[in-house]
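Taken in order, these protein sequences are the chains called A and B. For the record, in the first sequence the residue sitting at position 165 is 165 according to our numbering, with numbers rising by one throughout. For the record, in the second sequence the residue sitting at position 120 is 120 according to our numbering, with numbers rising by one throughout.
Calculated from the structure, these hints are not laboratory results. Cβ atoms here follow ideal geometry from the backbone N, Cα and C, with glycine treated the same way. Warning: the hint list may mix true and false statements.
Claimed, not checked - Covered stretches of chain A (in silico footprint by chain B; criterion: 3 or more residues with CB under 8 Å from a CB of chain B, positions within the stretch not fixed):
#1 72-80
#2 93-106
Stated by the list, open to error - Away from chain B, derived, C-beta distances all over 10 Å, residues of chain A:
#3 L86
#4 N115
#5 H124
#6 G126
#7 D154
As the list claims (entries may be wrong) - If we take Cβ atoms under 10 Å as the criterion, some of the chain A residues that face chain B in the derived model are:
#8 T50
#9 L51
#10 Y55
#11 P57
#12 P58
#13 G59
#14 T83
#15 K84
#16 S85
#17 D88
#18 S89
#19 S130
#20 R132
#21 H141
#22 N145
#23 L147
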Amino acid sequence: MKKINLLIICFLLGYSAFGQVPSTETFGATVPKEAIKLDRDHVLSIAHKTLRQSYVPPGIENTYQLDGLVISYWGLSVSPDNTKSLEDSQKEILGLLKRNEGDIVKNSKIVTVNNIRFLVYEYHRGDDVSLRFQSELDKNHKNVNGLIQFKKPDEDKAHKALDDILHTIHFKD
Amino acid sequence: MKRPYPKSLKFRLIVCFFLLCAAFIINSCRKDNTAKQQPDILNTGMVNMAKKWYTATYPEKSGTVVTQSTGGNQDWTRMFSPYWDKASTFGLDTLTFIELPALKKGNMAMSMKPGIDPKSFNFNNSGSLTSIIIVNKHGNFYVYAMTILADSSYLKGNYGKVPNNTYRHRDKDFTGYVFYNRLNGEFVNGWRYTNGVITGVINQAPVNNTGIQIQSINKKQVDVAEETDCQTTITTIYWESCDYYTNDYEDAHPFNCYDYTTSSASTVCYTVPSTGGGSSTQTPCTIPGNSDSSQTVEDVKNIIAVADPNPPGGTGSGGIVDQINNIGTNGCKQKSSVQDTTKTTTPCNQVHHVDSLAQKSIKDTIYNRLVKDTYTGNEYGDEENLTTWPPNGTYKETPLRTSFDPTNFVANFTWDSKNGYTININHDHPAGDAPSPGDVFTLIADMSNTNFRNAGATALNYYIKNASVTVVTKTATYIVTIANYDALKALSIEYNLNVAQFNKNYDETAIDNSSELALLSMFGNAINVFKASPNSAVFVPLVLKNGIPAETTPCP
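Here chain B stands alone, though its shape is the one from the complex (with noise of 0.2 Å):
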């Protein structure tokens, strides 16, 4: 009997096949999309603990937004607060945005002219628009100022435009730039623009240039160097701080309004093809001009992979892109030459540099009287500074001295030319403890000097790999250095949202066990532990062996 179906059902089975595996494909391709983006609909709930945060942290201030009182030092939360309001909430690869317009005490605008008199500056025909962006990361808020500056190419006498823009929307045909700030002033990333599309990436300019700078108070003329370099110029931001009266709720009647400018240097940039042997391109996730010997020209090349600018969902691009707090830097990558700061740095890779630390230290005695110190009750601590930067090997303690406090050591980092290059930070413990939480997390914490995050990539990998913390006890000493960075940055934070029941459990552990438990335990692969013998150099990795602290084999 003959089959009716059999050749047509096989045919239709292969076509069912071949649309599954199609509509398979697809699918996931949409998942994929669809999987960071996430509904835009407003947040109270974070809009709420935002704002709680922001007036905790920035309480109402007015007058200029930098003053001598603040030793030069910005602080554009006098000019700038969030208008809570209008604010939008979206969500971007697992973070929280929080989008609002700046009400502004005065006014202010960034420029590419230089040289205005501040007092004639038009702030209605600047093309500027500065509002706040919150971010909210691991509970963390983070806070930063977005300044669009758009081209009169652009505006076309149209200054109405600007608003379109905004953080996660460019206009197709906007050109101009977009600027990231921290509220302090410090230039975190930003963006060149030419008919909608990127075309330049903004970095600040190396320290040894123009940096941040005052140009004028009380001055009518705006002094400004240019230098070129990747084409570095330098924007001016023009401001009128006014005064108000405190029954004038809407700010409607500024008074005593005083003009002046501040600027800043920044490297622009420009993508362009690379034919092996021209200029390199640049991304916000490297700061160029640093010299670094070790850096081939190749391996500024190779540092690829500009962090993502084109959130998914959005038609905009060019987002933040902050290396200090790691927002917007998941597409960062760097060449394996360049520490990876994902990666573990195993003991033994650092026990040599950590030998010769010691070795330095017992050589100026500071071993042999810091042990002594312990008999005192008292914390007592120095700095070992690398005498240059780059390092060329040698070294410099700060001297020896103490706050009289039996639990605390108040350390002075510095990375600057003049008092050097903070690399460890060395201090007795006069009860004999392994090193605390609040020793291990002073590596965390340090990285926030301002010389040190203006030095940039290399400064900040060279620390990663090679910083660290001494503690001397009558009967051992302990080196603690950062074996993952991101692990140990999880912690800090951890730590710093209840730095008190991060000890306690610290102290627990501590007094039912031990202290070097209690550190191995809570820390884990954040850190590599070494310990010595009192006023020893040989130094031996410290782990956990069958849950007990114990010393490993020496490196060889």
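Bound-form chain A, shown alone (with noise of 0.2 Å):
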């Protein structure tokens, strides 16, 4: 009895452990002090008024509030043969949103910052303003995506925000 219980106990270690994926974040941003880290929870509920409630945002665990901003910011790898670049990245990303209505490009631009190239674009759709950077790849064809999440009138506030985070965001080795 005391081995099958033993068992047991292994088998939902295991099943558990295999559920999770290990992070494996090859980069270092920081926030600003005074932002708070949202839980998944909260996160969850912020994401789901406006998308599908099977998404789970890229950035959850890395989701901040600051000051009526909502900023996050998360990794991601591509496939070695993926040779898109950033002006690439740009155009698909532009044409993407023209395709949604309703979403209205204010300005995208690819600005470097502490020897990373960066592209950034906003876009509003009514009232709720997203603003994105994507970082090139680093050398294991990894990036830095991020997102900073406003009402209009906090915009001046969100770009400083985003000035901020790029200039600690740096790749490790």
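Work from the hints to combine the two standalone chains into their complex.
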């Protein structure tokens, strides 16, 4: 009986471990110290106001609230055979946004901060504004992405927060 | 001390065991029979939803069923409308059915007797009665006209017997026909009855026979061609279309009545025991007569399992078998040599065909020109068509063209000998994104082409296995094919329910990650995606590996 219990416990632990995906952040980023980290449930409740219920935002583990702004960032891997440049990505994303009725692109540009190139673009749907960034790929075919969501009156704060975050981003060796 | 009961106890236990087994078996069977039965209580909610859908889909019209303005296409809603107050509802095999008498503006009757002057046709003694069947499947409604056409041998002068036969019930001595048509007149399937038993399956005659014909408008004489092939016969429909004053709410005072006929060729095949050399059993799961040199007589004989015509819970039989919308096709089985639409086609089973299509497009400089077209900011495209059916390996490309739209190319799918048989659609994405949901669902939407639907199961199976959509970008070329038809069809239903939301879901994933990831994650195993370098005909499957879109190793 004891052996059976032990087997059951091992099975459950293994099953639980199988379901977890270890974090492999290859970059560092810091949000302003006044920002408050949001837990998963809170992030999902915000996301599911506009997105489908099954969707899990990629930045769910790194989402913060700061004075009316919701700031999130996440890392993405791409396949080594993916050779798209930031300029290609810029064109693709603008094409996708153009297809969405109601999404109005304010601007998009490629900037360099601390020797890392970022695609930065801003669009709004009504009063809700999204300010996004996407870095170039590092040597491990990974990049950093981020999103700051806010209302139009908080635009200046959002741009300041973006500038602050971009200056903290660095790729880990 | 003698134990009083051990032997008899053992005996009782054995008896109890067998009784329990018997009870289990009997109860299981009862549950199997009742599992599909649903109570026959009017589902008013469903009827109201159906009414709302029908009214929006078929706004009230009058006039002749066939007009020049409709290009000769039929519109039976000009004649029929559902009698909502007399609706009955029932469930069959997880689907909800609504059966309604059809109110008519004028009159209509089917007949196996051609050549009668439509003006003198006696509708009251025709033995023909049409009602409306609406099916709800996964939230979508499908509507059919069901026509009972009773033989005089069954009626024996008593025309009041026809309404005894409903969707779920046939009189024990019913002899006649049951036809199912869509409201555009298109024939779906039918059954031949003799003394209450199905003795024949009715399919539409092959396209190269007569198809649906307008036999007479403004003519007294009906000219009918007859051919025999598994007893191909012509069913004539006599119509009388009338006008009604707007305040004639009961349609009791028709005027300006106009009589005409239409007809369609049907192939009635009678079930005969297969002795290995005689005629094969035809089923509503197949459409006979389409020549397909790849399909042997053995294949035809082995297409088995007539769709279960006996709805549980009813004494009737002979239901709708709609292969396009997969209603009533549960019992249809295909021999493995004929593509099983529930199976998934692996990428490596398609890659050589995909490469071959690409080679043709490259040779015709289509890819090269499409890459250049991306710089215009507009989507350009063309179609790649088989030149013959059945295919002989030759294709032709239609001219490249554009609608001057940065996010849309309007393809022209054809399935005929003059224009060719569209098997691939090429177009560019100026923004460089992977195929969109709209691109993928073109594979399903194009199947509603009338010629394609009339082409039969062989064409359907070939298309499912070989059709593709190609997206050319500056950095890569993508080809999407059908991997699992049923899965893709189900997604297309979800898509059509709310296109904007589906696209929004896709775009959110694409913006947060990439369009390749959005495509692969949202469509899963419903499609195969292939990727190649620009202007290359060497495609490899693109799949999700550890959540990342990645090219796999090339197929052998």
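Do the hints match the structure? See the list:
Residues of the region 72-80 of chain A lying with their CB closer than 8 Å to a CB of chain B number 4, which satisfies the three-residue condition for coverage. Judged by the Cβ-Cβ criterion of 8 Å, the region 93-106 of chain A is covered by chain B as claimed, because 9 of its residues qualify and three suffice. The Cβ of L86(A) sits about 12 Å from the closest Cβ of chain B, beyond the 10 Å cut-off, so the non-interface label holds. Every C-beta of chain B lies more than 10 Å from that of N115(A), the closest at about 24 Å, which supports listing it as non-interface.
Chain B leaves H124(A) outside its interface by the beta-carbon criterion, the shortest separation being 14 Å against a cut-off of 10 Å. Residue-level check passed: G126(A) sits 14 Å from the nearest beta carbon of chain B, beyond 10 Å. Listed as a non-interface residue, D154(A) keeps its Cβ farther than 10 Å from every Cβ of chain B; the least gap is roughly 21 Å. At its closest, the beta carbon of T50(A) sits 9 Å from a beta carbon of chain B; the interface hint therefore holds under the 10 Å criterion.
Here the hint on L51(A) is kept, as its CB sits about 6 Å from the closest CB of chain B, short of 10 Å. For Y55(A), the interface hint holds, since its Cβ comes within 10 Å of a Cβ in chain B; the closest pair sits about 7 Å apart. Interface hint status for P57(A): upheld, as the beta-carbon distance to the closest one in chain B is roughly 7 Å, under 10 Å. Hint status for P58(A): holds, given a least beta-carbon distance of 5 Å to chain B, under 10 Å.
A distance limit of 10 Å between C-beta atoms decides the matter here; for G59(A) the minimum to chain B is near 8 Å, and the interface restraint holds. Annotation: T83(A) was flagged as interfacial toward chain B, and the flag holds, the nearest CB pair being 7 Å apart, inside 10 Å. The interface hint given for K84(A) is met, as the beta carbon of that residue sits about 6 Å from the closest beta carbon of chain B, less than 10 Å. At a threshold of 10 Å, the smallest CB-CB gap from S85(A) to chain B is about 9 Å, leaving the interface hint in force.
Checking D88(A) against chain B by beta carbon gives a least distance of about 6 Å; that is within 10 Å, so the hint holds. The restraint placing S89(A) at the interface with chain B holds, with a minimum CB-CB distance near 8 Å, inside the 10 Å limit. The closest approach between the C-beta of S130(A) and any C-beta of chain B is roughly 9 Å, which is under the 10 Å cut-off, so the hint is satisfied. Hint status for R132(A): holds, given a least beta-carbon distance of 7 Å to chain B, under 10 Å.
For the restraint placing H141(A) at the interface with chain B, the shortest Cβ-Cβ distance is roughly 9 Å, inside the 10 Å limit, so the hint holds. Evaluation of the N145(A) hint against chain B yields a held restraint, the C-beta minimum of about 7 Å falling below 10 Å. With a least beta-carbon distance of about 8 Å to chain B, the hint placing L147(A) at the interface is held under the 10 Å criterion.
Of the numbered hints stated above, none is contradicted by the structure.
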